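Peer 1: Listed below, chain by chain, are the residues.
Protein chains: 2
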Amino acid sequence: MSEQPKNAIIVGAGLVGSLWAVYLSKAGYKVRIYESRRDLRKTDISAGKSINLALSVRGWKAFKNVGVEKEVEKIAIPMYGRTMHDTEGNLTYQPYGKEGEAIYSVSRAGINCTMMDIAEKYGDAEIFYNEQCIDADLDKGIVHLKNRETGVESTVEADLVFGCDGAFSSVRYNAMQKTNLFNFSQQFIEDGYKEILLPANPDGSYKLDINTLHIWPRGRFMLIALPNEDGSFTCTLFMPHKGEQSFEHLKTEEEVDKFFKEVFPDFDALMPEVEDYWDQHPLSSLCIMRCYPWTIGKFALLGDSAHATVPFYGQGMNSGFEDCTVMWELMQQHRDPNVPCSEDWPTIFEKYQQQRKPDGDAIQDLSLHNYYVMRDYVADPEFLLQKKFEGRVSQLYPERYIPLYSQVSFSHIRYSEALRKGMEQDKRVKELMKEHDFTKRFEDGTIDELIHEVIDHLIVE
Amino acid sequence: MSEQPKNAIIVGAGLVGSLWAVYLSKAGYKVRIYESRRDLRKTDISAGKSINLALSVRGWKAFKNVGVEKEVEKIAIPMYGRTMHDTEGNLTYQPYGKEGEAIYSVSRAGINCTMMDIAEKYGDAEIFYNEQCIDADLDKGIVHLKNRETGVESTVEADLVFGCDGAFSSVRYNAMQKTNLFNFSQQFIEDGYKEILLPANPDGSYKLDINTLHIWPRGRFMLIALPNEDGSFTCTLFMPHKGEQSFEHLKTEEEVDKFFKEVFPDFDALMPEVEDYWDQHPLSSLCIMRCYPWTIGKFALLGDSAHATVPFYGQGMNSGFEDCTVMWELMQQHRDPNVPCSEDWPTIFEKYQQQRKPDGDAIQDLSLHNYYVMRDYVADPEFLLQKKFEGRVSQLYPERYIPLYSQVSFSHIRYSEALRKGMEQDKRVKELMKEHDFTKRFEDGTIDELIHEVIDHLIVE
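Each protein sequence line maps, in turn, to chains Y and E. Quick note: the first sequence uses the numbering used here, first residue 26, plus one each step. Quick note: the second sequence uses the numbering used here, first residue 26, plus one each step.
Chain Y on its own, in the form it takes in the complex (with noise of 0.2 Å):
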């Protein structure tokens, strides 16, 4: 038994390979991690490509399975609903689940930086920078690394290697996407996003209501803010690359300045110089990537990697959370739990892609639906009664059903099962909403009866 490999090495020192270190390392791995950029904490690099995060349930569980949850808590600001505001100006709010269930907003560069503290204090890691992987022996567990600052080359090897850098993942590129079998595509979606920092008031105040996520919804493209802790927002706004109302016609400060008076009034009103502001950040591109398998040899891919997505469930990071608690669990099952680093890991990997992978499809699948939900549907007021519904349903059958944002958002329900429900779910309200009449069902108290009658055909088992 003293032969169980006991090395690994982590590909990228982002989110996910940052608590990967930690699991590995309470599991009694000597964990190390190859990053291609410089170490973000010492220095400036601009956050332009960053969207506020939101971090929910998924999350968290995958923090406190190794006990590390207290360390996020300090940078994470709870977001407990929507609120949309309309051309008007007027706001409508609405919660994303039961009282007390709230999504939290964290910056990009907060999280980067607070995860790779971890990784080093509670996992233990040795993490190298500017070492990018160019090509690698999946077998061996071997790992071919360029120095993107010195142009030295390196060979690396270990018992187990997790390719955690990505998206654009190197391991992925290089290595897996050259072997026979490998399935794999990049889809990049019409519709780009550019950030806007809608900066404190001088006093340090936020200029909007702290603890929502603002969407100004507007059919074919939407804005949205989330807080950071400082006080100011972090805004995104998302539209089609080309097109008649697209970033093509936002070039000059005359036709920002004249959009946002347009179309976010509101907005301008609390940031009238956006317009200078507008080449802070560039414009960036959004992708789905899918591949199979995720485990080749003595290497598997964790998070983006394995499967991005668009950031519209806000559900990219939590899902690659979750790959690390699927994979710890697989570990307990697959181990001698006397002896350390016992992994039976050809069966762990083969298992976590067959398990793993319909959730991935699942979370891509849902993050383009809400794409659409929150560009057209969330100031549609057939949308809101539906969903005035479906939380009433939930406040008094909260076992029995959940709606599909709950499922996906506040629970541990696989992907691919919320994404079964919830789309039965939706097709059953959509009918019953065609034979009554919900507003005046609402008005005149007879909700509650008309549920208590039609619960069962709700529930989708």
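Honestly, I wouldn't trust all of these hints.
What the hints assert, rightly or not - Keeping only pairs whose Cα atoms sit at most 27 Å apart, straight-line, the calculated DSSO-like set for lysine-lysine is:
id, chain 1, residue 1, chain 2, residue 2
1, Y, K203, E, K382
2, Y, K171, E, K203
3, Y, K203, E, K286
4, E, K382, Y, K267
These are calculated hints, taken from the structure and not from any lab test. These numbers come from a predicted model, not from an experiment.
Chain E: place on chain Y using the hints.
Peer 2: Here is chain E on its own, set in the frame of chain Y:
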């Protein structure tokens, strides 16, 4: 006008790259070709992963455009139809098109060598071997190369660069795929293939009819055989990699022997020692590659690098050659005919990809569709009756009604048009088959009457 581009680089001395060199050379460009393999003509490279190829009118047209068809005619064997072999050894023959219409069997090694000869003789191209493209600067027309024998890296530059380097294109993998907004997918199908060479008789004669493509369709798998010049046939077994009836269960000589005796008895009688040759060729995989854009900066993809498909319509090579025709026709439209090398390449590239991408997608869809046809329906009496009916319609109305297979294999109709029309025709004929007894109509001689009655409905505009 003396500043016009005059240099072109082609990456890949395969079929399309070699032919494209002739086009460019005739238009006045100085052409260099960089090929990652050794010179096929000087080394004995196993034709292991080669299926024989079927040349049809789209390919011939591309040769005729630049007057090189005579060179290829020397190595091509016409096949006028398919001969189906059932498990009892019974044969059914089905012509591919009208009398005299044929597709032409060429061996991959044979045509590859011929095409390189053509590139040098007619295209005045210089071919550099063992030069692997490892990176590129798409906007500047720079290709970074690494010699696979010496390891020496170098950089070459041209006004135009064409990536004709096949399904696993280095230009696409190592440069294009890493650019923003580049969509890409590689999808392996669940079937693989293995080649078997059925030798000639001792006196050099053929063991099967020569001017036909032989198929042993067996539902979930099939064997095909195409004639070679030397009396042999190149045979290919297509079947799933894994599962009940799959290559997994054809590992030992006993398994192979038993399998051929049971399911291909007439083939086994011709080659009773088939199991001895089983391991002469590797088990290969089949993949569909889709991407967009096909052109970036000074680079364009032609052939498999842009739209590799599975081989079941025999159009992979033909569609690549047709890319040359399309690009060449656009060159005629966007140049000053009195000035050599005056082509407006940005316009040509944009029109090329916009026009040709739907056809690349369509031939991939058609190839997959024909896989099911060849595997599942080619021996089905209903299918054969439908083909017989369509053949008769096309005899009576040759100008108005062209069966799908003929549109693809014997016409220059765009693949996307053929796909659309063919699917609609198929639907309409199937509807007609439900209402009328074709067998009886053929027997009592009233089939023509029926055709005249319904012809207007059968024509898809």
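Peer 1: Each of the hints needs a verdict: does it hold here or not?
Peer 2: Here's how the hints hold up against the structure:
Proposed proximity of Y/K203 and E/K382 is supported: the alpha carbons are some 24 Å apart, at most 27 Å. Proposed proximity of Y/K171 and E/K203 is supported: the alpha carbons are some 18 Å apart, at most 27 Å. Restraint check for Y/K203 and E/K286: the C-alpha separation of about 37 Å exceeds 27 Å, so the hint is violated. As the CA atoms of E/K382 and Y/K267 are separated by approximately 19 Å, the hinted pair is consistent with the 27 Å bound.
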